[in-house]
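Given the sequences, and given the hints that come with them, work out the whole structure.
Position 10 of the sequence shown, counted from 1, bears residue number 10 in UniProt numbering, the numbering being contiguous throughout.
Incorrect hints may appear among the rest.
[What the hints assert, rightly or not] Once the Cα atoms are required to be at most 20 Å apart in a straight line, the calculated DMTMM-like pairs of lysine to aspartate or glutamate come out as:
1. K94 - D35
2. K121 - E85
3. K121 - E69
4. K94 - E23
5. K22 - E33
6. K94 - E36
7. K75 - E65
8. K22 - E40
9. K117 - E40
10. K121 - D35
11. K121 - D62
12. K117 - E69
13. K121 - E83
14. K22 - D35
15. K117 - E36
16. K117 - D103
[To be verified] Label-pair distances were calculated between CB atoms; the ranges are:
17. D2 - F67: 58 to 66 Å
18. L6 - T102: 53 to 61 Å
19. N51 - Q9: 48 to 56 Å
Hints were generated in silico from the structure; no laboratory data involved. Don't be surprised by glycine CBs; every beta carbon is placed ideally from N, CA and C.
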Amino acid sequence: MDKAALLGQVVDHVKEQSQRAKEVSKFSTIPTETDEVIIEHMNAQEAAPQNIYMSATVCCDDRPELFAELNSALKGLAVTIVEAEINSLGGRTKSNFVLCATDTGGTERNSCTSLLKQSLKLALTRVVISAGVSSYSARSKRQRFFHPNPR
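So this is what it looks like as structure tokens:
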């Protein structure tokens, strides 16, 4: 085997490992360093046909009023929290919610789902953005760890 073929195999292997790492990180419950809001439609098999299920993930800095803001944002959209998983590490919080909304039947299901998805993203993004303008100034006494980026 010559050097070019070996190098090609190494590059393919690195790409494959990188793809695996991306797939695993999708299911990670550890908060990331970046603020993010991810909304995904869920297909619930046993659910009533008029119910729309969404998965919402919010990752941001932890602060005292965060959960009250998340709660009011979700109540304002008239969704029910079916399941919640909240993880906090190093001053960061990652919250995963399974939400249920009832379709009133007035509009087409796809447009209702799309509208709900956009509304959720907007409401939760406002909560994440408000972290930067929060009046609460005390920081956690725990040391935050930053992993250096390889260059």
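Verification of the supplied hints:
| no. | hint | result |
| --- | --- | --- |
| 1 | K94 - D35 | 9 Å, holds |
| 2 | K121 - E85 | 18 Å, holds |
| 3 | K121 - E69 | 14 Å, holds |
| 4 | K94 - E23 | 18 Å, holds |
| 5 | K22 - E33 | 15 Å, holds |
| 6 | K94 - E36 | 9 Å, holds |
| 7 | K75 - E65 | 16 Å, holds |
| 8 | K22 - E40 | 17 Å, holds |
| 9 | K117 - E40 | 7 Å, holds |
| 10 | K121 - D35 | 13 Å, holds |
| 11 | K121 - D62 | 19 Å, holds |
| 12 | K117 - E69 | 18 Å, holds |
| 13 | K121 - E83 | 18 Å, holds |
| 14 | K22 - D35 | 18 Å, holds |
| 15 | K117 - E36 | 15 Å, holds |
| 16 | K117 - D103 | 13 Å, holds |
| 17 | D2 - F67: 58 to 66 Å | 59 Å, holds |
| 18 | L6 - T102: 53 to 61 Å | 59 Å, holds |
| 19 | N51 - Q9: 48 to 56 Å | 49 Å, holds |
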